[in-house]
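J.: Chain by chain, the residues run as shown.
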Amino acid sequence: MGDREATRPPRYVEAVARALGDELAADDDVVVLGVDVGAAGGAYGATRGLHERFGPARVIDTPIAEAGVLGAAVGAAMAGLRPVVEIMYMDFLTVCLDPIVNQAAKLPYMTAGGVRMPIVFRTQTGGGRSSGAQHSQSLEAVLAHVPGLKVFLPGDARDAYDLLRAAVRDDGPVVVVENRRLYNRRAEDFDSRAPLPPGRARIVRAGTAATVVAWGRMVDEVVRACADDGPLAGVDLELVDLRTLVPLDLETVVQSVLKTGRALVVHEAVTAFGPGAEIAARIDERLRYDVEGPIRRLGALASPVPYAPQLEAAVLPDADGIAAAVRALLEG
Amino acid sequence: MGDREATRPPRYVEAVARALGDELAADDDVVVLGVDVGAAGGAYGATRGLHERFGPARVIDTPIAEAGVLGAAVGAAMAGLRPVVEIMYMDFLTVCLDPIVNQAAKLPYMTAGGVRMPIVFRTQTGGGRSSGAQHSQSLEAVLAHVPGLKVFLPGDARDAYDLLRAAVRDDGPVVVVENRRLYNRRAEDFDSRAPLPPGRARIVRAGTAATVVAWGRMVDEVVRACADDGPLAGVDLELVDLRTLVPLDLETVVQSVLKTGRALVVHEAVTAFGPGAEIAARIDERLRYDVEGPIRRLGALASPVPYAPQLEAAVLPDADGIAAAVRALLEG
Amino acid sequence: MSAELLADVTTMARIRAFEERVARAFRDGRIPGFVHVSIGQEAVAAGICGALERRDMITTTHRGHGHCLAKGADAGAMMAELFGRATGTCGGKGGSMHIADPSVGVLGANGIVGAGIPIAVGAALAAKLRRSGAIAVAFAGEGTVHSGAFHEALTLAVLWEAPVVFVIENNRFAEFTDSEAMWRGAPLLERALGYGLAAAERVDGNDAVAVRGAAAEAVAATRAGGGPRLLEAMTYRHHGHYEGDPAAYRDEAETAAWLERDPLEVARRALRERGEEGALDAARAAAEEEMDAAVAAALAAPPPPLESALEHVGG
Amino acid sequence: MSAELLADVTTMARIRAFEERVARAFRDGRIPGFVHVSIGQEAVAAGICGALERRDMITTTHRGHGHCLAKGADAGAMMAELFGRATGTCGGKGGSMHIADPSVGVLGANGIVGAGIPIAVGAALAAKLRRSGAIAVAFAGEGTVHSGAFHEALTLAVLWEAPVVFVIENNRFAEFTDSEAMWRGAPLLERALGYGLAAAERVDGNDAVAVRGAAAEAVAATRAGGGPRLLEAMTYRHHGHYEGDPAAYRDEAETAAWLERDPLEVARRALRERGEEGALDAARAAAEEEMDAAVAAALAAPPPPLESALEHVGG
Ligand SMILES: Cc1ncc(C[n+]2csc(CCOP(=O)(O)OP(=O)(O)O)c2C)c(N)n1
Ligand SMILES: Cc1ncc(C[n+]2csc(CCOP(=O)(O)OP(=O)(O)O)c2C)c(N)n1
Ligand SMILES: [Mg+2]
Ligand SMILES: [Mg+2]
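Residue numbers (the UniProt record's numbering), protein chains in the order written: chain H, 1 to 332; chain Z, 1 to 332; chain W, 1 to 315; chain Y, 1 to 315.
Next comes chain H alone, as it looks inside the complex:
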């Protein structure tokens, strides 16, 4: 701890808090709202220290009334604030979807640009720890399907910081989907890596054998699979971290697949009608006559997320599942 700790790059969750702190400091119109984001510093510490630093008028603890809070945030955004509102678990979108989907996403359009909508919906997902069926869903496909919403899914601390700051600066609505299983991770290159804007994918690992497209925690699972002691050690994969689903950097994906000739999209969301279908279909639409190899998807199986660790592991993708899918891809 102490000095050592202070000079280490921040953990993902600290990067979130830092981004919020920097935005709150830079712009009086930024406010943070949500259940327990204030004095408690957030259920996972993502707002730690902000309440003390910026006070209860700007870092606002709310009752458990998410639909109302999000609706109010929409109104506040139209009236000049830049609210960052937290939905504690992505699963809770079901109780507060209207302000996101029917209001924030549509009002700038329905008013032909008459209103700005500088609002950020922060939420987090992260299966694999027996959180149960109502605390484990990855619902980014639902959001990406709604025109007017941007969807950011930072896969490490660096992106957690950069994408959140970009989201707060955006004059339109952005949903930022964090991953609680990354909250304690540090990006060792936090200080050296150049920030990338939203809409730009990142080649995490260059390779020629096949392209894997991922985001969020699955980026990390692929990296683990490719590690020297991982099940894909020695396989020359190219790994693309999409970082944002909307806007979507299809070009980087396409260039990669042109090079490798095959593609696998990996996500924690359910495969069926999931986000990977769009990526796969877009790749095929662009490259049907240019690449030979298969385009495949790996996501969660079609069940609610079960509680028991063995069952959950059977349902969610992980490094081993990725390895198996990649091998099938290389053979296919």
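Everything labelled a hint here was simulated from the structure, so no lab data went into it. Given the structure is predicted, the values throughout are model-derived calculations rather than measurements. Idealized CB from N, CA, C, for every residue including glycine. Incorrect hints may appear among the rest.
[Claimed, not checked] Under 8 Å between C-beta atoms, here's a sample of chain H residues computed to sit facing chain Y:
(1) Val95
(2) Gly128
(3) Ser131
(4) Arg193
[What the hints assert, rightly or not] FRET-style restraints, in silico, Cβ to Cβ:
(5) H/Ala194 - W/Ser103: 46 to 52 Å
(6) Y/Ala253 - H/Arg200: 29 to 35 Å
(7) W/Glu190 - Y/Glu276: 44 to 50 Å
[Said to hold, decoys possible] Facing chain H, from chain W, some residues (calculated, C-beta under 8 Å):
(8) Lys93
(9) His98
(10) Ala100
(11) Gly108
(12) Ala126
(13) Gly133
(14) Ala149
(15) Glu152
(16) Arg223
(17) Thr255
(18) Leu259
(19) Gly314
Place chains Z, W and Y with the ligands on chain H using the hints.
T.: Quick look at chains Z, W and Y with the ligands alone, frame taken from chain H:
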């Protein structure tokens, strides 16, 4: 009117009311709930006559409190009723998604079959009539992405009747998505056509040039495009009405595409991250090395649905747009 | 007082003339989609918005034309919007249910029942935090109070001491349902006070003088930091829920009684007492002219350019 | 009365012993996920569910173990569920937050705050329409009353005259937030009556005798067709929000005072007055044994078969 009217096959909306009436008559546990489903007979007449016939205890007018009503319907289903609850417009799912997604879809699973969930969520969509951005959305992809939900989308009066009855008989949760622009249409073969179960697609039109996969009102648009005076007159299309997205009859689609060599999925939902992506990806996964031709999608453009008729027509797919897409498909 | 009454009469006359033309144009197939007009409820819009300043903000409902006009939206641009023209307040992309004019504080009508209420609370919170001096008004129908949105919005408004006034237009019906049939328990005012609102008052929504009086008081108190409050305005819509609804679910005698109390006629009596009866006819005549011109301009206006369909997606 | 007290003491002792083992097993890494225990709140579960019949139904919350046990769920199967075993009440697929046993009327815990309340209303409606004679109880925390779900559920219950009793366990905190800090306006009971509930009563939630008395009355009245009603049980959780939460946000003196009023100790005093003090120690000893066996059985039970992961999807 009179005799003539009585012997004609029912309109789509009458087929809905008939299915509900038949189920209410057959089983005392069936109840119908929703805003204005009672004395008023529904905003579009889909429950006309039921209140008089079965009384206010079984055809229940509710306040505008959809989340509560749907939650109550979930409880009622667990306690022995078979509720059919109406969400007046599909867009309103945003205010009542939790009972569908986190409760009804998951409770049978979370209890390992300990509860039955015989519940039907009836709703309707139907763009193209300047209903505005909050009354025009086709959100079936959102539902189909949630394991545990079945999703039925009847494309004509015959299916409106058959699929709704099947939904009420189902011991799991089913969302039935009607289309208000079909409500006045009759299926002339209503009495002669054999009922098909859910999970079985229907070949509406056999052909060899290309496969078009559709559901809901888009089936009708394709038929119109193929009519003698339509923009695709003379093109030998095969048209597959999926009828239900969950369960999905991929086999019928695959057999058709094997035959025709190319496929277009058409839907009223937004293309991006839409339901067509899943169908397209599944076709490619199954047939990548078996068919040469392209697999394409046609859905709504990526904007909220605009109000002005010209803009709305520019955004939503229609017979002309389908014709253009089919021509591109045949050339591709 | 007289200046205010004259202003409100002018507003009411304008709303009436506007709505009558909307209803006619809809019947004639010139306005697409569906429209909900506020004929019979003009005094609420006029009295409430009359008490507001330009910087103040409102959110309204599917039945929002009157509120928008009263708050200062341009009638010509509104009419053009309903006709789906490029010159509309929303460039033809919003329509009746999404009509808005943020430049005069109209944050939008809404197609989702209840959705506007928390939006107004948030706008009020922003005004408070930014010390703009503005307040917000949330218009909602009586059918809306059972929704979670109403409950959560009132809870937050009180907790945040947000400068917002909730105006419940009680026109007795929610679509085709008699709202009395859905009501149990204590009356709205009592419940509203239970949330900790500073005040809750019922007012004759067909009497512009009464509405304006209550509104002026509520707005001033709220602006002065007195906390959020609620007004329940008792009124009636002369037409059906939407144009085309024959409203057969209503009692004819009741409707007749309410027509007797047409807010314009109530205003006439008030003007008469002040010896200014002529003002109403003058206002109506002027409004007829203004709204005829609005219709003509809308008819003459071009449709939105096709490329606008993909503009302003997400901001 | 004495038989009931003895029954409730037995229930409380069982809940305490169950929860203590859950907390320990979680600390030891034998229970995955997160768990919210109800230590300190046992009298509410015992008194309420003690007044229910087997056919009656309950919905509960993330803090639901006690309610389930009190309603008759098997402790062994529950423990196995928390351990994620095949023999669990939900075959290991639900877990703590979704524990359920429909065979004894437990329609489920819930991970979504507020979601269980309308579910109970609907279960009650079904009981009424099917004339089963059953009633339903919705358990919820005080932090839940601001949610739209609470508002809509109460509205529907009254409208439908559904035989449901709402039990609000007021343990002062919602996660890390003092619920007083989020409260404005009238107290809960007053607001509840505003919805038209037949009755609303506050009860000492740490006194099993008081809870049972109020519950018996409420349940009987509701079953007799007297309409829905609400009980607010004042209580306190001894542990943090979830296991692992040090609960540093609480006042130590307050916590100490509540520990003094541990429901088991309150029950001891009541037993003593009746000359039956020994019953508590006997109950606790029996419970320790029962729950040790439950843990042992859970530990010995197999994990769920992998194929069960794809069973029961959608019914
Ligand atoms: C969430 C939601 N549910 C239902 C509807 C359909 N709907 C539109 S207006 C309306 C009635 C509203 O009644 P009230 O609030 O009294 O307003 P009024 O029409 O009387 O002005 C309903 C049910 C909707 N638009 N949104
Ligand atoms: C819709 C929703 N919002 C937030 C949460 C996170 N959460 C879980 S428990 C809880 C506090 C509940 O407080 P209370 O109702 O008083 O119950 P208690 O924990 O005190 O028993 C919160 C905010 C949730 N599970 N669901
Ligand atoms: Mg009304
Ligand atoms: Mg609590």
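J.: Hints first: check each against the structure and report whether it holds.
T.: Each hint, compared with the structure:
1. Against a cut-off of 8 Å between C-beta atoms, the interface hint on H/Val95 holds, since the closest Cβ of chain Y lies about 7 Å away.
2. Because the smallest distance between the Cβ of H/Gly128 and any Cβ of chain Y comes to about 10 Å, over 8 Å, the interface hint for this residue is violated.
3. At a threshold of 8 Å, the smallest CB-CB gap from H/Ser131 to chain Y is about 5 Å, leaving the interface hint in force.
4. Taking 8 Å as the C-beta cut-off, the interface hint given for H/Arg193 is violated, the closest approach to chain Y being about 33 Å.
5. Range check, H/Ala194 to W/Ser103: about 40 Å between beta-carbon atoms, so the 46 to 52 Å window is missed.
6. Between Y/Ala253 and H/Arg200 the CB atoms are about 55 Å apart, so this pair departs from the stated range of 29 to 35 Å.
7. Roughly 47 Å separates the CB atoms of W/Glu190 and Y/Glu276, a value that falls within the hinted 44 to 50 Å.
8. Checking W/Lys93 against chain H by beta carbon gives a least distance of about 5 Å; that is within 8 Å, so the hint holds.
9. For W/His98, the interface hint holds, since its Cβ comes within 8 Å of a Cβ in chain H; the closest pair sits about 4 Å apart.
10. A cut of 8 Å between beta carbons decides the hint on W/Ala100: the least distance to chain H is about 5 Å, and the hint holds.
11. Look at W/Gly108: its Cβ gets to within about 6 Å of chain H, closer than 8 Å, so that hint holds up.
12. The beta carbon of W/Ala126 comes within 4 Å of a beta carbon in chain H, closer than 8 Å, and the hint placing it at the interface holds.
13. At its closest, the beta carbon of W/Gly133 sits 12 Å from a beta carbon of chain H; the interface hint therefore is violated under the 8 Å criterion.
14. With 8 Å as the threshold, the beta carbon of W/Ala149 comes within range of chain H, its nearest partner Cβ sitting at about 6 Å, so the hint holds.
15. Taking 8 Å as the C-beta cut-off, the interface hint given for W/Glu152 holds, the closest approach to chain H being about 3 Å.
16. Evaluation of the W/Arg223 hint against chain H yields a violated restraint, the C-beta minimum of about 15 Å exceeding 8 Å.
17. Evaluation of the W/Thr255 hint against chain H yields a violated restraint, the C-beta minimum of about 33 Å exceeding 8 Å.
18. With a least beta-carbon distance of about 34 Å to chain H, the hint placing W/Leu259 at the interface is violated under the 8 Å criterion.
19. Look at W/Gly314: its Cβ gets to within about 4 Å of chain H, closer than 8 Å, so that hint holds up.
In summary, the numbered hints that this structure violates are 2, 4, 5, 6, 13, 16, 17, 18.
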